[in-house]
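Asks: Chain by chain, the residues run as shown.
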Amino acid sequence: MNPARGSLLGIEHLEASEILRILKFARRMNPDRPRPLLKGRRVLLLFYEASTRTRSSFEIAAKSMGAHTVLIQAIGSSIEKGESLLDTGYTVRAVGADIIVIRHPNAGAPYIMAQHIDVPVINAGDGLHEHPSQALLDAYTILRNKKAFKGLQIAIVGDIFHSRVARSACHLLSKFGVKIVLCGPPELVPDIASTLAPGVRVTRHIEDALRGTDVVMLLRVQKERLSGLNIDLPEYIARYQMTPARLKMAKKDAIVMHPGPIIRGLELTSEIADGAQARILEEVRLGVPTRMAILARAMGRMR
Amino acid sequence: MNNRKENTSLLIKGGHLIDPAARIDAPMDVLLKDGRVAEVAPPNKIKSADEKFDARGLIVAPGFIDLHVHLREPGQTYKETIATGTAAAAAGGFTSVCTMPNTVPVVDSVEWIEWLRQPERGAVVNVFGIAAATRASKGAALTDFRALHTAGAVAVTDDGKPILDDRIMREALILGGELNFPVVQHAEDTRMTENCSMHAGARSFRLGLRGMTAAAEASIVERDVQLAMQIPNARLHVAHLSTADALKSVRRGKRAKARVTFEVTPHHFTLTDEDMRDYDSNYKMNPPLRSASDLEAILAALADGTVDAIATDHAPHAAHEKEMEFERAAFGITGLETALALAITRLHREKRIPLARIVELFTAGPARCFDLRGRGSLVRGSVADVTIFDPKKKWTFDVAKSRSKSKNTPFDGWQLTGKVVATMVGGKIVYSA
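Listed in order, the protein sequences are those of chains U and A.
Throughout the first sequence, residue numbering follows the working numbering, covering 378 to 680 in sequence.
Throughout the second sequence, residue numbering follows the working numbering, covering 4 to 436 in sequence.
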């Protein structure tokens, strides 16, 4: 079965024109001025993995459009008792879900769901694969600060290998011709990462990544996903931590982004996190209208 | 068909015989009598027979041998049974299958080897047991090779898992060498493949799936080939070889006259890691689908005579073990009913590998790997196992009609060329299209 219309499974196969349509609609959305586009609809939030930002942001987005939301977490549900992904999907569909938002530790889980369930499935992050709503809100943030994608350069620094945020960001920004430089040690940024999308390049040197860049995106070192990788954190900090001195190598008006959660003292210092160039909380803020657009699109109400 | 009298004779008439072991590739009639090949002669020379099989326009070949199948018995009859698995084998033209010991419990004793052969199992083709190399396949202590060999096991392996420990592998090859007993290695350094579900490459990175590197296979093959070169008479058989680097080690071993043999699977010479769509777990197997350059290396080795056998690694799984998150789904696909057609379609028609070479890979080649005496050829006196196929027949594989209990294959709906017309075991027809 093909995924239901309005599903958002990843950025890779999304047309550039569709991305722009979502971003344009997101600009019209404001959670403080509710619009009942999803009045009476049921949005099932199926979270198999911990989340603060994404979950609350989807929930607020859905509610501000008049939808009911139900949160199902792995812990405290039948999932804990061994129910399969698809059986959980069939169950929430039978309960009356109109949209399923799913966060899952395994890559591709939303695809499996979408192939079997006849309501729109929205990927809220699947394993190491994609995090499309994050890429869209990041694109929104960049456009708010930089006006257009044309001619931009972004440095993404940190644990690319374990990052679905990085994969989705690369796919999205590449579609608009943004130059993308991935930076980190080989264990976290394998050379193969440059094959992800056109315009992506890998470097080991932070200076090389930052020189002339318009956007700096920092990623957390995901200790919970390292599984056996031996990362020397002091060395990582010495080589890649974002500090005021390093940020000076970027363009004067460069902005600093981070999908969160941030670990102060590791991938960035407090001066950076709280500095004038940081857009970290703006990203969180823009997550709500972006997800409003994504949910409206799922119900065919993005007009 | 099975209750036909023992002394009935059957004349296969008008076919084109390909018997690579006997160097025959010509129109020949074949007379089967009392479970043996009674005569092979040019057309119309053999007069009398109780029954005739019209093989005009068809290839007559020695019965195909599959060195690597999972029949799932004992213990996992919800996936497959010896009866259903051998029915699928017969439909695929296989008259002999070697079944893997990673069952529940593990086939690591004489009793279980004998159990596999009991008539109650309902086998329709010959089943040769491969015994576990270590007790319960835990990799710690060798099984009783001598007793298992005497009981009729054709090889030992811990398939599904590698024999990782250098010392245990060395001991296995030494003891196997003394008994002329092949040690079959599932070559995977599992210390490098934890949580991995496909080949490590651009595709796995893009899909966010942890990848098994080619080195995880090649490093074990290299170690094993080195051991086989050092240990007198050791016999190493590398299961489902899938990488160009591992192939280099095997080539080196063969050049050094070490007794190293290996098999490749139809899926590894047909598909690459780029072919998997939308996290479809019917593309998940171990070893995984590899890169295009690995596939090219395997095709070259199939063509130049280096590969000893095509084996399916038929690995049935129930739907509920496959229709799930890709990373959690079981490894393995079924393969018995598509092997010949994939070989003809991919190797013969696309890559121009002669039919005689393909037949060799299904017959004389595998018979040599495990010393299956009297099989793999149709010279007079051989066991009357025969596979008859139409190399030009176009057909579409429909998994719903599969005789296997499980339906986990990426080849459903594939249009293929080359179809089995009849399969004969011990002179009796066990499958006809």
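Bear in mind the hints are in silico, worked out from the structure with no lab data behind them.
Please note that a few of the clues may not be correct.
Below, computed lysine-lysine pairings styled on DSS-like, alpha-carbon distance capped at 30 Å [to be verified]:
| # | chain 1 | residue 1 | chain 2 | residue 2 |
| --- | --- | --- | --- | --- |
| 1 | U | K458 | A | K55 |
| 2 | U | K600 | U | K401 |
| 3 | A | K325 | U | K458 |
| 4 | A | K410 | A | K55 |
| 5 | U | K600 | A | K55 |
| 6 | U | K458 | A | K164 |
| 7 | U | K458 | U | K527 |
| 8 | U | K524 | U | K458 |
| 9 | A | K16 | A | K410 |
Facing chain U, a subset of chain A residues (Cβ under 7 Å, in silico) [unchecked claim]:
| # | residue |
| --- | --- |
| 10 | G60 |
| 11 | L210 |
| 12 | L212 |
| 13 | E328 |
Label-pair distances were calculated between CB atoms; the ranges are [claimed, not checked]:
| # | chain 1 | residue 1 | chain 2 | residue 2 | range |
| --- | --- | --- | --- | --- | --- |
| 14 | A | A259 | U | Y467 | 24 to 32 Å |
| 15 | A | R258 | U | Y467 | 54 to 62 Å |
| 16 | A | R280 | U | G473 | 28 to 36 Å |
| 17 | U | I640 | A | R280 | 18 to 26 Å |
If you're wondering where the values come from, they're calculated on a predicted model, not measured in any experiment.
No residue lacks a Cβ here, since even glycine has one placed at the ideal position from N, Cα and C.
Asks: Each hint: holds or not?
Replies: Taking the hints in turn, this is what the structure says about them:
{"no.": "1", "hint": "U:K458 with A:K55", "in the structure": "violated (61 Å)"}
{"no.": "2", "hint": "U:K600 with U:K401", "in the structure": "violated (36 Å)"}
{"no.": "3", "hint": "A:K325 with U:K458", "in the structure": "holds (19 Å)"}
{"no.": "4", "hint": "A:K410 with A:K55", "in the structure": "violated (35 Å)"}
{"no.": "5", "hint": "U:K600 with A:K55", "in the structure": "violated (71 Å)"}
{"no.": "6", "hint": "U:K458 with A:K164", "in the structure": "holds (29 Å)"}
{"no.": "7", "hint": "U:K458 with U:K527", "in the structure": "violated (50 Å)"}
{"no.": "8", "hint": "U:K524 with U:K458", "in the structure": "violated (49 Å)"}
{"no.": "9", "hint": "A:K16 with A:K410", "in the structure": "violated (36 Å)"}
{"no.": "10", "hint": "G60", "in the structure": "violated (42 Å)"}
{"no.": "11", "hint": "L210", "in the structure": "holds (6 Å)"}
{"no.": "12", "hint": "L212", "in the structure": "holds (5 Å)"}
{"no.": "13", "hint": "E328", "in the structure": "holds (4 Å)"}
{"no.": "14", "hint": "A:A259 with U:Y467: 24 to 32 Å", "in the structure": "violated (58 Å)"}
{"no.": "15", "hint": "A:R258 with U:Y467: 54 to 62 Å", "in the structure": "holds (57 Å)"}
{"no.": "16", "hint": "A:R280 with U:G473: 28 to 36 Å", "in the structure": "holds (31 Å)"}
{"no.": "17", "hint": "U:I640 with A:R280: 18 to 26 Å", "in the structure": "violated (37 Å)"}
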